[in-house]
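Novice: Sequence:
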Amino acid sequence: PNYDAEATYAFDGSKIIYTSMATGDLELWTMLPDGSEKTQLTSRLGYDGGAFYSQDNKKIVWRSYYPETEKEKKDYRSLLAENSIRPMALQLWTMNADGSNKKQVTDNNAANFGPFFFPDANRIIFSSNMHDERGRDFDLYAINTDGTSLERITYFDGFDGFPMFSRDGKYLVFASNRNQKKRGDTNIFLAEWR
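Position 81, counted from 1, in the sequence shown is what the working numbering calls 81; the numbers after and before it change by one each time, with no gaps.
None of these hints come from the bench; they were simulated from the model.
Each residue gets a CB set at the ideal place from its N, CA and C atoms; glycine is no exception.
Please note that the accuracy of each hint is not assured.
Derived lysine to aspartate or glutamate pairs resembling DMTMM-like cross-links, with alpha carbons at most 20 Å apart [to be verified]:
#1 Lys59 / Glu6
#2 Lys74 / Asp25
#3 Lys38 / Glu82
#4 Lys58 / Asp168
#5 Lys38 / Asp25
#6 Lys103 / Glu68
#7 Lys102 / Asp25
#8 Lys102 / Asp120
#9 Lys74 / Asp56
#10 Lys59 / Glu37
#11 Lys58 / Asp75
#12 Lys181 / Asp137
#13 Lys59 / Asp146
#14 Lys71 / Glu82
#15 Lys15 / Asp4
#16 Lys71 / Asp25
#17 Lys182 / Asp137
#18 Lys102 / Asp75
#19 Lys58 / Asp98
#20 Lys59 / Asp168
#21 Lys181 / Asp146
#22 Lys59 / Asp120
#23 Lys170 / Asp120
#24 Lys103 / Asp146
Ranges between beta-carbon positions, derived for each pair [to be verified]:
#25 Leu45 / Gln180: 34 to 44 Å
#26 Glu82 / Lys38: 17 to 27 Å
#27 Asp98 / Lys181: 23 to 33 Å
#28 Gly184 / Gln104: 27 to 37 Å
#29 Pro33 / Ser149: 30 to 40 Å
#30 Lys102 / His131: 20 to 30 Å
Throw the hints in and build the complete structure from the sequences for me.
Specialist: As structure tokens, then:
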């Protein structure tokens, strides 16, 4: 298993957080930019990935899939052994930068991914297909870190994902299939945030 990917820097550049199969499962790790001081942050069976630091570098948000039943665990392990993953429901979680105080934010049967903290780290913006019974359309949503005050941000029949705020919180950038010239094109959009 050689998977070290989904890496992002802390805002101050002091650390990198990434997903690795170093232990045989898809877990979150941190390291210094020179590759030293590797530290495992998650250890629960399942797929942890897509992590980002808060702007103050004190918190981490990520998305996960944790198989619960024996059948789900067997299926997950079997696919992982073949370097494969089945599309699944993904939930958002937060924790302190040292890996402590893990808290689940979302709890639904949707694919919630691409989480990013608002500049104050009290809310999270993310992409989800929770509104689409077919599971194909993804829009942007915001939610408090305690899982309250869910708010739908975009209403597009297609894909909106990977949202990120500017450091000052005045702008939101995200990927979308809007204005595509051919099927499958993804474009980058910049919006003023109010």
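Novice: Among the hints numbered above, which are violated by the structure, and what are their numbers in rising order?
Specialist: As far as the earlier hints go, 3, 9, 11, 18, 21 and 27 are violated by this structure, in ascending order.
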